[in-house]
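K.L.:
Chain by chain, the residues run as shown.
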Amino acid sequence: MLIDLANFTPGLSLAGGLIIGAAAAVLVLFNGRIAGISGILGGLLSLPRADMAWRVTFLIGLVGAPVIASLLGQPAVADIQASWGQILVAGFLVGLGTRYASGCTSGHGVCGISRGSVRSLVATLTFMAAGFLTVFVQRHVIGG
Amino acid sequence: MTAITALLAGLLFGVGLMVSGMANPAKVLGFLDLAGTWDPSLAFVMVGAIAVGTLAFIVARRRKRSFLGLPVQLPASTTVTLRLVLGSAAFGIGWGLAGFCPGPALVALGAGYPKAVGFVAAMMAGMLAFEVLERAKSSLQRA
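Sequence order for the protein chains is A and B.
With the first letter of the first sequence counted as 1, position 68 gets the number 125 in this note's numbering; the numbers rise by one all the way through.
With the first letter of the second sequence counted as 1, position 45 gets the number 429 in this note's numbering; the numbers rise by one all the way through.
None of these hints come from the bench; they were simulated from the model.
Model, not experiment: these values are computed from the prediction.
Where hints are given, some of them may not hold.
[What the hints assert, rightly or not] Derived SDA-like pairs (lysine to any residue); straight-line CA-CA distance at most 20 Å:
#1 K448(B) with G173(A)
#2 K521(B) with L466(B)
#3 K521(B) with L104(A)
#4 K448(B) with L86(A)
#5 K521(B) with G502(B)
#6 K521(B) with L86(A)
#7 K448(B) with L466(B)
Make the full structure from the sequences, and use the hints.
P.N.:
Here's what the structure looks like:
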């Protein structure tokens, strides 16, 4: 295995992780809710619609963060290599899959593992394995 | 007040995703590409987030009410089900195809990337498909 030292950012990534953990802490300690993005967004699409306000303001904060960063001269960089077709298929799978799994990287990967949930550990190992496999097939089998 | 703390949590979450590099699909795919030149950075994101999260949930679990007096709502389910595993697998395939999971996609949408807008639209279509399928299933069970 070769380590990509040119792009390796352990310090920034750890700092970002601590901030993400702090966000989850604020939401559970003040609002009593799990910071799971797919659940917060998906809850807006399900009926009956309950407790809309905190979901909407959380999402405004999440989407607004890069807007503020851009105004401060630190625009978020997203290098998107996927084609439009891949983007649309991937988005649909992520939406459908996270709702059936009751969580994504944040709800299961961060909050669930922090709670010591076996379900979330299984979910996290499964989506990570599927992610590793998908990239392997795409880059080294099809693209190789 | 609860809307304000949720707004703050969302802002912090977005800042964390940007600082960590997770908002950039190329970096996420660099982490998922074990067989290429591997970028282990995102493991550090998880370590940092879980370290703070663990402390927060130790406090949260001991309380029935949040600091604002709201009920602390933690998931009650403890069984590993087929839908959990298959749903996670479908999510992982989508994550590997695009390099986006839900949070980073919303951050990239806020940053104005057209493909992130397309991804979020498709993601919400997938979530709506789930709602429709679940409602069809429950009406079949009632009939």
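K.L.:
Honestly, which of those hints from before does the structure not fit?
P.N.:
Structure breaks hints 5, 6, 7.
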